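Chains as they are written, first to last, in the numbering used here: chain A, 1 to 263; chain B, 264 to 527; chain C, 528 to 802.
Please keep in mind that the hints were generated in silico from the structure rather than gathered at the bench. Computed from a prediction, not measured in an experiment: that's the story for all the values here. Hints may be right or wrong, so weigh each one.
[What the hints assert, rightly or not] Reference excerpt, derived from the structure (chain A facing chain C, CB under 7 Å, subset only):
no., residue
1, Asp-125
2, Thr-129
3, Met-132
[Unchecked claim] Label pairs and their computed distance ranges (CB to CB):
no., chain 1, residue 1, chain 2, residue 2, range
4, C, Pro-698, B, Phe-284, 31 to 39 Å
5, B, Val-351, A, Arg-112, 24 to 32 Å
6, A, Asp-125, C, Val-631, 32 to 40 Å
7, A, Gly-245, C, Glu-702, 49 to 57 Å
8, B, Ala-282, A, Asp-13, 49 to 57 Å
9, A, Leu-116, B, Leu-500, 50 to 58 Å
10, C, Leu-794, A, Gln-194, 52 to 60 Å
11, C, Asp-691, B, His-437, 42 to 50 Å
12, A, Thr-52, C, Pro-588, 25 to 33 Å
13, A, Ser-53, B, Phe-284, 53 to 61 Å
14, B, Phe-348, C, Gly-559, 15 to 23 Å
15, B, Pro-362, A, Cys-93, 24 to 32 Å
16, C, Ala-706, A, Gly-245, 18 to 26 Å
Glycine included, every Cβ here is placed at the ideal spot set by N, Cα and C.
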Amino acid sequence: MLQVNGLCKRLPDGRAILSDLNFRVEKGEFVALLGASGAGKSMTMRAIVGLTSVGSGSVVFTGETGKTYTTTTASGKELRRARRNIGVIFQGCNLVRRLPVLDNVMIGRLGRIHPLRSWLYGFTDREATEAMEALDRVGMADFASRVTGSLSGGEMQRVAIARAIFQRPLCYLADEPIASLDPKNAESIMQLLQPLARENPILGAFHQPEMVMRYCTRVIALRKGKIIYDGSPRLDAAELAEIYGSELNRPALTMAAPAAVER
Amino acid sequence: MNLGDFSLGRYRRRVIPAAVFVAIVIGAALLCEVSFSDFVKGIVKGLSLLTFFFPPDWAAFPEMIRPALVTIVICLIATPIGAAFSIVFGLAGARNIAPDWLRLVSRSIIAAERGLPEIVTLLVLVAAFGLGPLAGVMALAIGSIGMLGKLLADAIEEIDPRILDATAAVGATHWQVIRHAVLPEVLPSLVANSIFRFEVNIRASVLLGAVGAGGIGYELNAAINQLEYSRATVAALLSLLLVFLSERLSDRLRSRIIGAGRLG
Amino acid sequence: MAAAVAVPSSILPSVRFRRRILLLAASLAALGAGLLYLKIDPVAIFRDFHYVVGLLDEMFPPNLRLLWVKKGLWLSVLQTVAMAFLGTLVGASIAIVLAFLASVNTAPSRPVRLIVRTLLATERCTPNIVVLLVLLVAVGIGPFAAMISLCIGSVGMFGKLFADAIEQVDPLPGEAIAAAGAAPLQVIRYAILPQIAPSIVANVFYAFDVNLRLAVTLGVFGGGGLGFELHVARSVLRYKDMFACLILVMILINVMERIADFFRRRLFLREVELR
Numbered sequence: 001m002l003q004v005n006g007l008c009k010r011l012p013d014g015r016a017i018l019s020d021l022n023f024r025v026e027k028g029e030f031v032a033l034l035g036a037s038g039a040g041k042s043m044t045m046r047a048i049v050g051l052t053s054v055g056s057g058s059v060v061f062t063g064e065t066g067k068t069y070t071t072t073t074a075s076g077k078e079l080r081r082a083r084r085n086i087g088v089i090f091q092g093c094n095l096v097r098r099l100p101v102l103d104n105v106m107i108g109r110l111g112r113i114h115p116l117r118s119w120l121y122g123f124t125d126r127e128a129t130e131a132m133e134a135l136d137r138v139g140m141a142d143f144a145s146r147v148t149g150s151l152s153g154g155e156m157q158r159v160a161i162a163r164a165i166f167q168r169p170l171c172y173l174a175d176e177p178i179a180s181l182d183p184k185n186a187e188s189i190m191q192l193l194q195p196l197a198r199e200n201p202i203l204g205a206f207h208q209p210e211m212v213m214r215y216c217t218r219v220i221a222l223r224k225g226k227i228i229y230d231g232s233p234r235l236d237a238a239e240l241a242e243i244y245g246s247e248l249n250r251p252a253l254t255m256a257a258p259a260a261v262e263r
Numbered sequence: 264m265n266l267g268d269f270s271l272g273r274y275r276r277r278v279i280p281a282a283v284f285v286a287i288v289i290g291a292a293l294l295c296e297v298s299f300s301d302f303v304k305g306i307v308k309g310l311s312l313l314t315f316f317f318p319p320d321w322a323a324f325p326e327m328i329r330p331a332l333v334t335i336v337i338c339l340i341a342t343p344i345g346a347a348f349s350i351v352f353g354l355a356g357a358r359n360i361a362p363d364w365l366r367l368v369s370r371s372i373i374a375a376e377r378g379l380p381e382i383v384t385l386l387v388l389v390a391a392f393g394l395g396p397l398a399g400v401m402a403l404a405i406g407s408i409g410m411l412g413k414l415l416a417d418a419i420e421e422i423d424p425r426i427l428d429a430t431a432a433v434g435a436t437h438w439q440v441i442r443h444a445v446l447p448e449v450l451p452s453l454v455a456n457s458i459f460r461f462e463v464n465i466r467a468s469v470l471l472g473a474v475g476a477g478g479i480g481y482e483l484n485a486a487i488n489q490l491e492y493s494r495a496t497v498a499a500l501l502s503l504l505l506v507f508l509s510e511r512l513s514d515r516l517r518s519r520i521i522g523a524g525r526l527g
Numbered sequence: 528m529a530a531a532v533a534v535p536s537s538i539l540p541s542v543r544f545r546r547r548i549l550l551l552a553a554s555l556a557a558l559g560a561g562l563l564y565l566k567i568d569p570v571a572i573f574r575d576f577h578y579v580v581g582l583l584d585e586m587f588p589p590n591l592r593l594l595w596v597k598k599g600l601w602l603s604v605l606q607t608v609a610m611a612f613l614g615t616l617v618g619a620s621i622a623i624v625l626a627f628l629a630s631v632n633t634a635p636s637r638p639v640r641l642i643v644r645t646l647l648a649t650e651r652c653t654p655n656i657v658v659l660l661v662l663l664v665a666v667g668i669g670p671f672a673a674m675i676s677l678c679i680g681s682v683g684m685f686g687k688l689f690a691d692a693i694e695q696v697d698p699l700p701g702e703a704i705a706a707a708g709a710a711p712l713q714v715i716r717y718a719i720l721p722q723i724a725p726s727i728v729a730n731v732f733y734a735f736d737v738n739l740r741l742a743v744t745l746g747v748f749g750g751g752g753l754g755f756e757l758h759v760a761r762s763v764l765r766y767k768d769m770f771a772c773l774i775l776v777m778i779l780i781n782v783m784e785r786i787a788d789f790f791r792r793r794l795f796l797r798e799v800e801l802r
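Could you build all of it, start to finish, from the sequences and the hints given here?
Encoded structure:
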C-alpha cells in the first residue's frame, strides 16, 4: 500500500534529519510514528506528502488496481494525482478559519476537480451531500454551516478527519491529530481513527504512548532521523526510555490510562 | 526638594534636542509664511465674512441634491472597482503566493501609487480625459487600489503557512489554494477595508470635485469663486452631512462584518 | 439517518452559486446605472485612449533638469513638508488640550464637555477643502492658509481619538496621586499623559502621513508648495515639468513614510525598554 524506501533528507549544512527510512504500511494497519520532538516525525510526514524535497529515496503508493503513485520524484500534475490519494489529517488548526465547516470538508476533493470549475462554479450538490455524510460520520453534521474558526480544538480536529474521509484516499496520514487536545477529546478522536484504519491504513505521528498502545496495531519509533524500533505497540519502559532519550523528555507514562470514555 | 535636582546634567539630554526641535519649528514656520498679523487680520476678516456665509441660502438646496448624489455615486462606483483591482495587486504582491519578481513589480506599483495623492492622479487624468466624473472615478479607483492592495497583500502574507500547506496536500493546484484558502481568509478584511475606503473616498471626492470632477465639491468651489457665499454654505453643510453619514455607515457595517464571521 | 445528513439549504452549493450570480448581476446592474447617472461612457476610456498616449508622449521624458535649474522647487518641497509638520504638531497640541476638555474623567463640567465634543465631531466631518476654501478667502492665498487648514483638520482627526484614549485610562494611578495632594493638572501630567503617550505618538505619525498628502493636495488649490508647482506646470501645459514634480511627490511621500516609520519604531522600542 504505502512503501517508503531509503528516505534521506539533509539540512543545507549537511546534518541528516532523516536517514535511510524503510518501511511498508499494509492494508488494515494503524501505524504510529513515535519519537521525541525533533526526531523527524513531522519531516517524515511532510516528505511522504511531497511538501518537502528529499535527498534520496522514494515513497510509493499502490492502489487497489495495482496502479502506483509517487510523491518524491513527481511534480505538477503527477504530484497532484498522487496527493489526492493520501488523506492527510492535519492538526485542526490548519483548517481555513473563515469558511463554513462544510466547505473545509469539501476542500478534500480539490485534487479531483478541475481548477476552472473551482473558480467558475465551485462544488456540486452531490459533493456537498457526500461531505455531509463524512461530517455525520465524525459526529459534526450539526455544525455544517458554522464558521470553522468558531469551533473548539476537538471539533476542528473532527472536521479535519471528515475532510480526509471525504477525500476517499488510499491511506491516511495523521500529523499529531491529538496533540493539544484534552484527554477526553483525544480519546474520542482515537476511537474515530481506529475503525477508519480498517478501511484504509493510517500512518500517524503521536506524542502519547499510552494512547498508541491501546489503539494502534504497530509502532515505528524514530530517533535522530533513524528508525530504532518497528513492531508491536506494546512498549515496555526500557523501550520507551530509548525512544525518548532520557527520563526527562518522556511524556508522563505514570498517569494510568483512563478507561475509554464514551462520547 | 533641593536645587541639586535641577542640575544641568539632568536636562542636557533634553535641552539639546529641544533646541533643535524649536529651531525646526521656527524654520518650518518661516517656510509656511506664518504671520501673526495675517492671522489676526484673517480672524477679523473671517468674522466679517461670516455675515456673508450666514444665513445659508436654503433656496439653493434643491439644486444641490443632484451634485450630492453625484458625489455618492462616484464613490460607490470607484470603491468597488478599486477593490476588485486591488485583489490582483494584493495577490501579486504577497510573498507567500507570488514569485519574487512579480511581488517586486506589484509592490513597486502600489508604493508609487500610494505616493501620489488622489488630486495629483486627478490632474494627470484630467489632462487626458478632460474634466468630469470619469476622471474623478478613475482617480479615486486608482487611489483605492494603492491602499487596499497594500493591506490585502499584507493580510495574505500573514496567513498561517500551514493552512496553505494543508490545502495543497489534498492535491489542489496553486490557483485552487488561492481560491479556496487564501481568498476566503482575506476577503472579509478586504470588504471591511473597502467600506473604510469608501468613507475616505467621500472626503476625497468633495476635494476632487473642487478641481472639476463634479459633485458637491464643484458646487462649493464654484459658489466661492462667484462670491455667492451663502450658497457655498449650503454646499459645505451638505458635504459635511455626507461625510458624517458615510462615517456612521462605515462604522456600523464594519463592526458588523468583524463581529460576525462571514459565510460563503 | 437520511434527514441527519441533508445539507442545510443556506450552504447548499447550487443555492450559493445562484446567490453569487444574482449578487454579481445586481452589482453590475448597479454599476451600469451609476455610470448612466454620471453620464460616463465606459467606452470613452478606450476611445479616448489616444489622448492618454498623447499625454504620455508629451510627459516623457520628465524634465528632471528642473531639479537643479529651478532652485525654488526645493523650497517648495521643504514648504510642503513644513506645512504637514506644523499642521500636525499644532493640530495635535490643540487636540490634546481639547481632548482633556472633552473626556468624562477630566472635563471641568458637563456643558464644556458636550460643547467641545460637538465641536470635535463637526470638525471631524468637515472636509479639509471646505476649511481651506474659506481660509483662502480670509487669510489669502499661500502656505499659511493651507497650514491652518491642516491644523484644523488634524484637531478633528485627533480630538476624538485622544478623548477616547483619555476616557479609557486606568483611573487608579490618578486617584493615588490626587490622594497624595496633587493638583488636577499634576494628575494629568503624571498619571494620565504617560498612559496615553503611546496612542498620541502612534496617531501623530499616522496623521503626519495623511497631512503630507493633504499638504500636496491643498497646494493645488493655492496653498503653495509642491502641489502648487504641479498645478502651475499643468496649467501652462508643461507636462515634462509636471512629470518631474510628480516623481518628486512620489519620492517625497515614500521617503517621509520611511523616515516616520524609523522614528516610530525607535520611539516604540524605547517604550518597550522602559517597561
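Against the structure, the hints come out as follows:
About 5 Å separates the beta-carbon of A/Asp-125 from the nearest beta-carbon of chain C, less than 7 Å, and the hint is met. Interface hint at A/Thr-129: satisfied, since its Cβ lies 6 Å from the closest Cβ of chain C, which is below the 7 Å cut-off. Checking A/Met-132 against chain C: minimum C-beta separation of about 4 Å stays under 7 Å; hint holds. Range check, C/Pro-698 to B/Phe-284: Cβ separation about 32 Å, and the 31 to 39 Å hint holds.
A hinted range of 24 to 32 Å holds for the C-beta pair B/Val-351 and A/Arg-112, which are about 28 Å apart. Judged by the Cβ atoms, the range 32 to 40 Å given for A/Asp-125 and C/Val-631 is violated: they are separated by roughly 56 Å. For the pair A/Gly-245 and C/Glu-702, the supplied restraint of 49 to 57 Å holds, since their beta-carbon distance comes to about 56 Å. Checking the proposed 49 to 57 Å range against B/Ala-282 and A/Asp-13 shows it holds: the Cβ atoms sit about 53 Å from each other.
Checked against the hint of 50 to 58 Å, the pair A/Leu-116 and B/Leu-500 passes, with Cβ atoms roughly 53 Å apart. Checked against the given bound of 52 to 60 Å, the beta carbons of C/Leu-794 and A/Gln-194, roughly 57 Å apart, stay inside it. Evaluation of the 42 to 50 Å hint for C/Asp-691 and B/His-437 yields a pass: the beta carbon distance comes to about 44 Å. Remark: the range hint 25 to 33 Å for A/Thr-52 to C/Pro-588 is contradicted by a beta-carbon distance near 49 Å.
Between A/Ser-53 and B/Phe-284 the beta carbons are some 56 Å apart, a value that agrees with the proposed interval 53 to 61 Å. Distance hint for B/Phe-348 and C/Gly-559: a CB-CB separation of about 18 Å, consistent with the stated range 15 to 23 Å. For the pair B/Pro-362 and A/Cys-93, the beta carbons lie near 28 Å from each other, so the given range of 24 to 32 Å is met. Separation of C/Ala-706 from A/Gly-245 is about 58 Å and departs from the stated range, judged on CB atoms against 18 to 26 Å.
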